[in-house]
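**Student:** Please build the complex by placing chain B on the supplied structure of chain A, with the hints as guidance.
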Amino acid sequence: MAAIEILGLTKTYQVGFWRKRPKCALQPLRLQVEEGEIFGFLGPNGAGKTTTLKMLMGLVYPSAGSARILGCEINDPRMKAQIGFLPEQPYFYDYLTAAELLEYYGQLSGVDAKERKRRVSEVLDRVGLPNVSGMQLRKFSKGMLQRVGVAQAILHNPRVLFFDEPMSGLDPIGRREVRDLMEELKRAGKTVFFSTHILSDAEALCDRVAIIHQGELRGVGAVADLTSSVQGKVEVVWRGNTVLPSVKTLALDSSVTGDTVRAVVLEASQDALIDTLRRERLHIVSVTPLRTSLEEYFVQKLRPAEAAAGVRS
Amino acid sequence: MSSRIRHIASNTFREAVRDRVLYNLIAFAVLMCGASILVGQISIGIERLVVINLGLTAISLFGVVIAIFIGIGLVSKEIEKRTLYTVLSRPVQRWEFIVGKFFGLAGTLVVNTFFMAIGVFLALLYVSQRFQAADGWVLVALYFIVLQFLIITALALFFSSFSSPLLSAVFAFSLFVIGSFAEDLRGFAAMAQGTTRWLATGAAYLLPNFASLNVIGSVAHGQGVAGALILSETAYAMVYAAMALCGAVLIFEHRNLK
Numbered sequence: 004m005a006a007i008e009i010l011g012l013t014k015t016y017q018v019g020f021w022r023k024r025p026k027c028a029l030q031p032l033r034l035q036v037e038e039g040e041i042f043g044f045l046g047p048n049g050a051g052k053t054t055t056l057k058m059l060m061g062l063v064y065p066s067a068g069s070a071r072i073l074g075c076e077i078n079d080p081r082m083k084a085q086i087g088f089l090p091e092q093p094y095f096y097d098y099l100t101a102a103e104l105l106e107y108y109g110q111l112s113g114v115d116a117k118e119r120k121r122r123v124s125e126v127l128d129r130v131g132l133p134n135v136s137g138m139q140l141r142k143f144s145k146g147m148l149q150r151v152g153v154a155q156a157i158l159h160n161p162r163v164l165f166f167d168e169p170m171s172g173l174d175p176i177g178r179r180e181v182r183d184l185m186e187e188l189k190r191a192g193k194t195v196f197f198s199t200h201i202l203s204d205a206e207a208l209c210d211r212v213a214i215i216h217q218g219e220l221r222g223v224g225a226v227a228d229l230t231s232s233v234q235g236k237v238e239v240v241w242r243g244n245t246v247l248p249s250v251k252t253l254a255l256d257s258s259v260t261g262d263t264v265r266a267v268v269l270e271a272s273q274d275a276l277i278d279t280l281r282r283e284r285l286h287i288v289s290v291t292p293l294r295t296s297l298e299e300y301f302v303q304k305l306r307p308a309e310a311a312a313g314v315r316s
Numbered sequence: 003m004s005s006r007i008r009h010i011a012s013n014t015f016r017e018a019v020r021d022r023v024l025y026n027l028i029a030f031a032v033l034m035c036g037a038s039i040l041v042g043q044i045s046i047g048i049e050r051l052v053v054i055n056l057g058l059t060a061i062s063l064f065g066v067v068i069a070i071f072i073g074i075g076l077v078s079k080e081i082e083k084r085t086l087y088t089v090l091s092r093p094v095q096r097w098e099f100i101v102g103k104f105f106g107l108a109g110t111l112v113v114n115t116f117f118m119a120i121g122v123f124l125a126l127l128y129v130s131q132r133f134q135a136a137d138g139w140v141l142v143a144l145y146f147i148v149l150q151f152l153i154i155t156a157l158a159l160f161f162s163s164f165s166s167p168l169l170s171a172v173f174a175f176s177l178f179v180i181g182s183f184a185e186d187l188r189g190f191a192a193m194a195q196g197t198t199r200w201l202a203t204g205a206a207y208l209l210p211n212f213a214s215l216n217v218i219g220s221v222a223h224g225q226g227v228a229g230a231l232i233l234s235e236t237a238y239a240m241v242y243a244a245m246a247l248c249g250a251v252l253i254f255e256h257r258n259l260k
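Residue numbers (the working numbering), protein chains in the order written: chain A, 4 to 316; chain B, 3 to 260.
Isolated chain B, as found in the complex:
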């Protein structure tokens, strides 16, 4: 990574920290403490399942909201406030700026996820009194959640490179919702006929498949995740995020900064 990308990424991370984005960790900690105490009292035998489901879903939602709401402003806010002028008048290429911003926000989300994961494991320890071997799969589910964040961050940046923050938020959130039902869309495409089948199949493959990156349910039930799936989903997320980033760079490279 070029040193300029590293500096832009670390400044993006610093912005998120100074804008008190990581304060959501406090809300998450309160949620996890409250949930584990409550779950410990009302559920018998399924405490682990509830804590893992609740904890990982909360991590995913908190992260997606942060990725969208910071990601949509990463480029447009810099143009609007003209902070970009003094950056791009230096030996910084436009693609370096976009990639630096991506890594900065991705880094913020990884740190955020790390601290929230500690909260989940502490809650698990509270309800089960000890860790089990199957808890290791929670780490894989967390890894898949981070892969989701990479895609959604790249998409938010892509929309931010040509659209207003509001529209970017709408587009990115819509894609997240539709992508979470991608398997259903594929099922629909398989059943449909004619043009509808082609359109639905095209949409199912074009839209990000967040459903396949969601292994929270199986991990909560103590089931493992196949190594081949981890590899294929990693490759899928990397390629999808890279394509969205390339799109963002292509658009931003040709944009006049009025």
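Extracted from the complex, chain A is given alone in its bound form:
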């Protein structure tokens, strides 16, 4: 069963004070996320990621379209007991301690009293805040609040998790811990849908990603598929400290770093370059086909018109 089905969700806001005019925040979005997947929702700031997440959480109403989570409509309370949500830059009731906040959220999620106590200490421990459960949240740093945000999202052991920019505000260790947590959730059979603009996180974690820009879905697929397209170029690295003139004529790009020379050539010129290097008795270190990185794919999808122009030229 699909964990999340987005069926043409659309959002248009009316902007302007006197003369209202429509502003499209999200064009009809169709997307399906399978159970047990880690799905990355990528896009630059203002692309429509948070709007989509807010619509899925029932915080913002769609102008058109609908969505189903675990087969239920998005405002079905039975479904909401089975999802966890971490908003972007979360802010919590700062007069509560971390344990009181989680206790409160546990009550709202319908976790029974006995289980609640155990889960609160368990999740605080899991997010690396075992010794601050009695501290008021107003004394927490931004990174600690982010960890509390993750704790409240996983508190009631939901089947589907929605994280909006989960790594934001975290130091490198915190980011690593959240990545580990997401992998752990996947191993436990949970579905994780997270938005980010940090591509390395998406590349490391996601089974599939979708790229959104200016409210429009620009691409969707498995990370491996998106990044496996061979560009028809090869990178050759050998020992040396100068680029021979014969190599310069073959290479599209070349550079020298210390005692290593790197050249990028078209696949068609690969054999000629290797023959030249052998004739000159140079030690070849590696020959690697160049593949599109997620970052390159992302940039391409963000600028389809420019990219197409580039291909034509």
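Each hint should be verified, as a subset may be incorrect.
Using C-beta positions, here's what the derived DEER-type ranges look like [said to hold, decoys possible]: (1) 146/A to 83/B: 47 to 57 Å; (2) 251/A to 260/B: 31 to 41 Å; (3) 226/B to 20/A: 31 to 41 Å; (4) 139/A to 82/B: 14 to 24 Å; (5) 257/B to 142/A: 24 to 34 Å; (6) 112/B to 203/A: 54 to 64 Å; (7) 118/A to 166/B: 32 to 42 Å; (8) 35/A to 63/B: 52 to 62 Å; (9) 67/B to 24/A: 37 to 47 Å.
Read the hints as simulated data drawn from the structure, not as lab findings.
Don't be surprised by glycine CBs; every beta carbon is placed ideally from N, CA and C.
**Tutor:** Here is chain B on its own, set in the frame of chain A:
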């Protein structure tokens, strides 16, 4: 009451306590002690009247100020600080959130009134040296004050569901002031002619009638309050507060939380 409403109400009460809202009780205690000592010295024969008038009016004003200034932020602050996101993404309906907030603030005001009432009775004991049978009517006046709080809390929540805190405060306080003169407005409507009469009559019935919920004057003079009036005012306050809450829920149900 659903358990979620109860949890939201108790969290709202906890917020008020932790934000030191009940500290106003200290100011009230000082006011009552000072007033009763002063009244004991300067008034002859009307000490009870002055203490009851002063005490109940102070309870009413303190409560209305608290109801307005907390009530206007109950929804808008949660939206502004985005604390609402992690609540409404749980199995919590929007109407449950509004109703929970209402009961939380109403509970805070009842506790506040209870402690202030103790202060009034202690001041009465100080100036009269003993309680009288007529002092029992003070409890009815306190009950009417609580009914006023329910209406003003519901109105503050109603304005908070669509307006900024500042505007909500202005609207709610204006309604409290106008509503306190509702009987005069009705008198004016009875004397007016034509369209003015219709408009004034409409406004008089639409606006909350806080004047009829104010029995401080008669209670201070030792007069009782009719049982029928207690019943009708209870029904009026409940219906008015429920309507304002329904309005708040209707608006909030359709609101996009940007």
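**Student:** Now tell me, hint by hint, if it's right for this structure.
**Tutor:** Taking the hints in turn, this is what the structure says about them:
1. 146/A to 83/B: 47 to 57 Å: Hint violated: Cβ distance 19 Å, outside 47 to 57 Å.
2. 251/A to 260/B: 31 to 41 Å: 57 Å, violated
3. 226/B to 20/A: 31 to 41 Å: 56 Å, violated
4. 139/A to 82/B: 14 to 24 Å: 20 Å, holds
5. 257/B to 142/A: 24 to 34 Å: 32 Å, holds
6. 112/B to 203/A: 54 to 64 Å: 55 Å, holds
7. 118/A to 166/B: 32 to 42 Å: Since residue 118/A and residue 166/B have Cβ atoms about 41 Å apart, the given range 32 to 42 Å holds.
8. 35/A to 63/B: 52 to 62 Å: 59 Å, holds
9. 67/B to 24/A: 37 to 47 Å: 42 Å Cβ-Cβ, so the 37 to 47 Å window holds.
The structure shown violates the earlier hints numbered 1, 2, 3.
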